[in-house]
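Asks: What follows is the residue order along each chain.
Protein chains: 2
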Amino acid sequence: MVSELRRDPTSGAWVAIASARSRRPSDFKIVHGEQKTGTCPFCPGNEHMTPPEVLALGREGQEPDVEGWQVRIVPNKFPAFSLDYEDSTDTDIPADGEYGLYVSTPAVGIHEVVVESPEHDSTLGEHSQKQMEDILFAIISRFRSLREDDRLRYLQAFKNWGREGGASLSHTHCQLIAIPIVPKVIQVELDYAKQYKDRTGKCLYCDTVEKEIEIGERVLEESQHFLAFCPYASKFPYEAWIVPKRHNQAFEEISRDELADLATMLHNVARMLELAFDDVPYNIVWHTAPWKGDFSAYYHWHLELIPRLARIAGFELGTGYYINPTAPEVAAAALRESVS
Amino acid sequence: MVSELRRDPTSGAWVAIASARSRRPSDFKIVHGEQKTGTCPFCPGNEHMTPPEVLALGREGQEPDVEGWQVRIVPNKFPAFSLDYEDSTDTDIPADGEYGLYVSTPAVGIHEVVVESPEHDSTLGEHSQKQMEDILFAIISRFRSLREDDRLRYLQAFKNWGREGGASLSHTHCQLIAIPIVPKVIQVELDYAKQYKDRTGKCLYCDTVEKEIEIGERVLEESQHFLAFCPYASKFPYEAWIVPKRHNQAFEEISRDELADLATMLHNVARMLELAFDDVPYNIVWHTAPWKGDFSAYYHWHLELIPRLARIAGFELGTGYYINPTAPEVAAAALRESVS
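Keeping their order, the protein sequence lines are chains A and B.
Here the first sequence is numbered in the working numbering, starting from 1 and rising by one per residue.
Here the second sequence is numbered in the working numbering, starting from 1 and rising by one per residue.
Check before you lean on any hint, since a few could be wrong.
It does not matter which identical chain is used: a pair holds within one copy or between any two.
Claimed, not checked - The calculated lysine-lysine pairs, modelled on DSBU-like cross-linking and capped at a C-alpha distance of 30 Å, are:
id, residue 1, residue 2
1, 77, 130
2, 77, 245
3, 292, 77
4, 194, 184
5, 292, 194
6, 130, 202
7, 77, 197
8, 77, 202
9, 130, 194
10, 77, 194
11, 211, 77
12, 130, 184
13, 292, 130
14, 197, 130
15, 245, 130
16, 245, 197
Hints were generated in silico from the structure; no laboratory data involved.
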């Protein structure tokens, strides 16, 4: 059963109605988000518990779906997006219907899981440099491969970590969801970056990196190719961004050197969070350019790390604004101290 | 110590950096959202535990801040927004600064709590008709009073219920946060409603009510003045909207008859959720017109009830889109059954 993308006529937001997952009230655990226990489908030896892998690093040349891998990417068992449509070429977003009230399109896309490590209990802040590089390399490989598919417009890479972060399995993993539409969040960033460029002639993100280094108090770590800092208008307490110094619209266009540097930086920032807090839930969200169009004049890819220490509740849902109980200057100092 | 509103230059989102609440890592409970236990500051007899009340129904003519009330509104003890600024008339949102990177303004506003009932354990689905009417009347009174303040542009009324819904105290309550800026969520709704009106000559919400009654399968309940239904593009499983049949931009402009009808409807929909699920966490979010400007030609106030059965995680944060595991047609049938 395939999912349907429906458009909210009051806000333009798209919702994947994932019918394959259709849930009656009794299917929801109210103390939900409890992580599944029992045999872990992501552990070595249990490869048969997942759909056939799409990529594995570490046992090249051997048969697929057996142990020996270091990073393994598999389709999500209950995908919200799928390429299995009878007429999957018909993925143009329809124009508004009779009343513009009921617009839908098949939820064409892919939904994959990046198993980061064969070790069940390892965390992002504990992985080796080599492991981190392999994870990033595997993700980039999927970006480069999937962008060739004309039906797809964006690949949302992200990590849900911990119960409060939305992870239903505890074995460390990231997720990849490719979708046929440009995310609203990215469209807004494109608009703001373009306005800034038009007004100043410069890149909003390049300027931010330069100013944050100059000011210093919100910086977490600076490397040859990246800056990690708590952004001035952090929406969440202890939020951290990793922004490349080189102006580049797309994550998948980073160089070999940048990849190695990013592997170190991402590990170090995750380690700060893990040391500052006991068992911190968080999300990592990739922000990168959509695949159709050229945004290179003004867009600049980056990563956002969002600790889930404060809830998104009525005020945030109603306004789209946030209340953050920890100033980013305070957060940055505490995170720097955690590893000193 | 007052809060500061900072503008995210990459998205235009505003964040209240609530310095009064400034939190170091050790101040966060990771199993957070745990509700406080001990003496309840919202129970009768504990009125001294809250700041002095701004409104109380049920003991008119008596001294304030003692028991005897049926609904009581008090300032939040740790407000994210406040009117206590030295120069509180200077609340114009500044133009972009030197680089447009660091824009801030005082977090001028109010932050109040509506204690819905003297009974600690009552729920929205258990309150009497009279209690529900009193709650709505009290909230409307604050809308009418606060909109006279030129510094304020919007009053976000909402309810956080349950740990997952963001309620830190278990005694049933709503919250009111008045802010000096129009919420992004509302601005988007205004834009979409205006586009629809320009294109069709009709109100998006009036048309939706008419079509949903005609289609029927997503309807939860219809009354003389309101329609409750699960919206076509429900972002969350078991999401329900309550929309007035009369075209009216502002919640605070409802008639006495409509208020009584809404009290019944809100009670009934909350009861459906409470019966369908065991101890369901949810948010109720008011959507109404901002106070400066006239949006009456196309905007239409309404309530959104958001059960928190699925998490907002990496995909939702990254894209602004949602994956909903329960089709609204399935949800509506299950909610109707819960009370049959």
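Asks: Determine for every hint whether it applies to the structure shown.
Replies: Tested hints:
no., hint, result
1, 77 / 130, "within (28 Å within a copy, 50 Å between copies)"
2, 77 / 245, "neither (37 Å within a copy, 43 Å between copies)"
3, 292 / 77, "within (28 Å within a copy, 50 Å between copies)"
4, 194 / 184, "both (15 Å within a copy, 19 Å between copies)"
5, 292 / 194, "both (16 Å within a copy, 29 Å between copies)"
6, 130 / 202, "neither (36 Å within a copy, 60 Å between copies)"
7, 77 / 197, "neither (42 Å within a copy, 43 Å between copies)"
8, 77 / 202, "neither (44 Å within a copy, 44 Å between copies)"
9, 130 / 194, "neither (37 Å within a copy, 53 Å between copies)"
10, 77 / 194, "neither (39 Å within a copy, 41 Å between copies)"
11, 211 / 77, "neither (44 Å within a copy, 36 Å between copies)"
12, 130 / 184, "neither (34 Å within a copy, 42 Å between copies)"
13, 292 / 130, "neither (32 Å within a copy, 57 Å between copies)"
14, 197 / 130, "neither (37 Å within a copy, 57 Å between copies)"
15, 245 / 130, "within (23 Å within a copy, 61 Å between copies)"
16, 245 / 197, "within (17 Å within a copy, 45 Å between copies)"
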